[in-house]
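Enquirer: Below are the chains, spelled out letter by letter.
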Amino acid sequence: MPLLIIAVAIVALALLLIIRRTKRSDDAVSDFRRQINALSPDARKNVTERVRQISDESSEDEEGESNGS
Amino acid sequence: MARDLAIDLGTANTLVYMKGKGIVLNEPSVIALNRQTGEVLATGREAWQMIGRTPGYIVAVRPLRGGAITDFEITERMIRLLLQRVGVSRFTRPKVVICVPSAITEVERRAVTDAARRAGAADANLIEQPMAAAIGADLPIDEPVGNMVIDIGGGTSETAVISLGGIVALEAVRVGSFDIDAAIQNHVRREHGIAIGERTAEEIKIAIGSASETVDEATAEVRGRDLMSGLPKTVVLSPEEIREAIEDPVSSIVASVVRCLAKAPPELSQDFLVRGMYLVGGGGLLRGLAARIERETEVPVRMSNVPLEAVVLGAGHVIEHYDALKDMFMGARR
Chain A
74 MPLLIIAVAI VALALLLIIR RTKRSDDAVS DFRRQINALS PDARKNVTER
124 VRQISDESSE DEEGESNGS
Chain B
14 MARDLAIDLG TANTLVYMKG KGIVLNEPSV IALNRQTGEV LATGREAWQM
64 IGRTPGYIVA VRPLRGGAIT DFEITERMIR LLLQRVGVSR FTRPKVVICV
114 PSAITEVERR AVTDAARRAG AADANLIEQP MAAAIGADLP IDEPVGNMVI
164 DIGGGTSETA VISLGGIVAL EAVRVGSFDI DAAIQNHVRR EHGIAIGERT
214 AEEIKIAIGS ASETVDEATA EVRGRDLMSG LPKTVVLSPE EIREAIEDPV
264 SSIVASVVRC LAKAPPELSQ DFLVRGMYLV GGGGLLRGLA ARIERETEVP
314 VRMSNVPLEA VVLGAGHVIE HYDALKDMFM GARR
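As you go down the protein sequences, you meet chains A and B in turn. Numbering-wise (my numbering), the first sequence opens with residue 74 and increments by one. Numbering-wise (my numbering), the second sequence opens with residue 14 and increments by one.
Hints are computed from structural coordinates only; laboratory data are not their basis. Each statement offered as a hint is correct.
Partner residues are not named here, just some residues of chain A that face chain B (Cβ under 8 Å, in silico):
1) Arg107
2) Ile109
3) Ala111
4) Arg117
5) Val124
Quick caveat, the model's predicted, so the values are computed rather than measured. Quick reminder that beta carbons are idealized off the backbone N, C-alpha and C, glycines included.
Let the hints inform the model, and build the full structure from the sequences given.
Expert: Here is the structure:
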């Protein structure tokens, strides 16, 4: 009986380890995918918008200066 | 509830991006102190105007050199004041992402994060400047293609090849636009016998400095103190002599770009010929520098639309997508 319990425990532990390892590799894949998605042009719309805003403002300033001089 | 922040803690300027709001602060990284009491008298633009013009009891200093903290205590006080100015208090402790040169040492990294935490940040993480610059310059770094970015700051110049959200090749030198200013100061002192301050040297660089011959070249009149008589004196400087004077720092920067190109894997190298390299940072605005790099590497060089803000915008994007991009922090799992 005790041998059976030990065998079951070992099998359960092995299964647990296999599941955890598979989950970890799945996690790595999804983390990487999430990172790449967060760097995609869609996700970066805010940055693009701010870049456009800043370059518009600076070109307006330059126009103002050249009109003023 | 504190809004999280991204900080571009540059040798020359400090920019702060607030989550959901955009850039909320853009000031020179300068602090003015009372030499006797140690009290802070001014920071940012106000302190910058004091450089070289202070009475004996006031000192206006840049607490960062070559992208690294040279005076920990002063940097901490400067960061604390900057955070206060953007609304961070003792009760609102934001998460902070700070852009630093990729070549800083472990000790220097620790100094920056400790300074930010002690200044009021709940959590401080670092991101490499070229990576932030590539995001801020809106390069397609999520794709498996070679993106090359050259970030020329006040104290460091970094060139990186980025693909699939990671740095593939990197080359950094602790040479930046302050070294160009110093070269101009030395030249004027040696060849014309007059002493000029670092702000005047910067003005000369902006007015007539160039890395290669340009079409609209003019001379500049400079006033300084005659080293022999001690009296004010005016001299006329030509663009050729300034170009020669700054040749050493300029060629160091160009050589580091060439070394980075040599480190890049061949599959990515061919992408540069089509896509070009992107120049960001205040130092990249030096007249003729893009043309000089283009001539020496035979790779097209493009100027970012936002050369001065690209780094903080990139870090701002990281703070907006903190959980998805936290693996990009220095020292995180790669």
